[in-house]
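Novice: Guided by the hints, dock chain H onto chain A, whose structure is given.
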Amino acid sequence: MPDGRTQVVAISRPVALADAERISAFRKSKLPGVDGIWVFITGDLVMFMIYFLVFTTGRMEAPAAYDLGRRQLDPLIGCALTLILLTSSWLVVRAVEAAREGSSGRVRTNLLLAMLLGTGFAGLKAFGYVHDALAGHSPSSNPFFGYYYAITGIHCMHVMLGMGLLLICYVKASKPIDDKYVLWIESGACFWHMVDMLWVLLFPMFYLLRSGVL
Amino acid sequence: MNKRTDLGPNAVYIVLMLATLLSFGLAEKSAAAHIATSAAVVIGAFKARCIFVDFMELTWEAKGFRIAFEVWAVLAVVVILGGYWSTIVHPH
Numbered sequence: 001m002p003d004g005r006t007q008v009v010a011i012s013r014p015v016a017l018a019d020a021e022r023i024s025a026f027r028k029s030k031l032p033g034v035d036g037i038w039v040f041i042t043g044d045l046v047m048f049m050i051y052f053l054v055f056t057t058g059r060m061e062a063p064a065a066y067d068l069g070r071r072q073l074d075p076l077i078g079c080a081l082t083l084i085l086l087t088s089s090w091l092v093v094r095a096v097e098a099a100r101e102g103s104s105g106r107v108r109t110n111l112l113l114a115m116l117l118g119t120g121f122a123g124l125k126a127f128g129y130v131h132d133a134l135a136g137h138s139p140s141s142n143p144f145f146g147y148y149y150a151i152t153g154i155h156c157m158h159v160m161l162g163m164g165l166l167l168i169c170y171v172k173a174s175k176p177i178d179d180k181y182v183l184w185i186e187s188g189a190c191f192w193h194m195v196d197m198l199w200v201l202l203f204p205m206f207y208l209l210r211s212g213v214l
Numbered sequence: 215m216n217k218r219t220d221l222g223p224n225a226v227y228i229v230l231m232l233a234t235l236l237s238f239g240l241a242e243k244s245a246a247a248h249i250a251t252s253a254a255v256v257i258g259a260f261k262a263r264c265i266f267v268d269f270m271e272l273t274w275e276a277k278g279f280r281i282a283f284e285v286w287a288v289l290a291v292v293v294i295l296g297g298y299w300s301t302i303v304h305p306h
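First to last, the sequence lines map onto chains A and H. The opening residue of the first sequence carries number 1 in the numbering used here; numbering runs sequentially from there. The opening residue of the second sequence carries number 215 in the numbering used here; numbering runs sequentially from there.
Bear in mind the hints are in silico, worked out from the structure with no lab data behind them. One or more of the hints may lead you astray.
[Stated by the list, open to error] Reference listing, derived: stretches of chain A covered by chain H, where coverage requires no fewer than 3 residues with Cβ under 8 Å from a Cβ of chain H:
1. 30-43
2. 47-54
3. 80-92
4. 119-130
5. 199-205
Ideal Cβ positions, reconstructed from N, Cα and C, are used throughout, including at glycine.
This is chain A alone, in the form it adopts within the complex (with noise of 0.2 Å):
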């Protein structure tokens, strides 16, 4: 008669070995993490084409409007979020890097910073959205300001989901990595590289796009 911790063991060799059988599929993917986040990544990416494209039509409309909305932003501004976010985007390139090493103690504090960064982010763009709200600039004030907080609002609450995703790696890192672990810190790194990436280009569409007559 087996004792309990035997009984323990005969449960649980099977969903390991599952589980290796599982790891080991994903790792013969052509993609880091898992696909299903790349199906996700790619949903998005469509979906914010779509804001551009409204954006541009709006802009088309009434141009002058619009410029001088984006002259009421500071450009500094935008350009020190970008600088941020791609800092923050490859620190956690380094924290994959350290998880394939399987170097929980360089994970960890990859990531620590790459949080620290996008809280930074994220507290910059509310001071950007408080000082456009005390000069005076509602959503409703100009078309352009319309699409801005609604776009760049959007924009921030991936800023977020994408933290709590870092949180999760960053935590799960207190234990040995595993590969099982390797695909967790890759699909949420993932999501914050696509969190970047979209950044990148509202940047210029934002701040940059400067009007004038040919």
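Specialist: Just chain H, lined up with the frame of chain A:
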């Protein structure tokens, strides 16, 4: 399995930072507003491409996704600059 370009993420990060400063400087300081603005958007798409190739490790091995992302980057430039230039060539 998922090879990046030969540059490596550290060099790509420096390129991305410099490209950001370049687009900001061009758009803010350049007298040729239309060209500088267009360059800033193209630089934005170039940066997006660097991110999905070198940071997200999206290689040609995953052909479907890679094509979708390449098309997305080009389409973003066409949409943003198409609308921008249409207001310059045909002002209201």
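Novice: Which constraints among the numbered hints does this structure fail? Numbers only, ascending.
Specialist: 4
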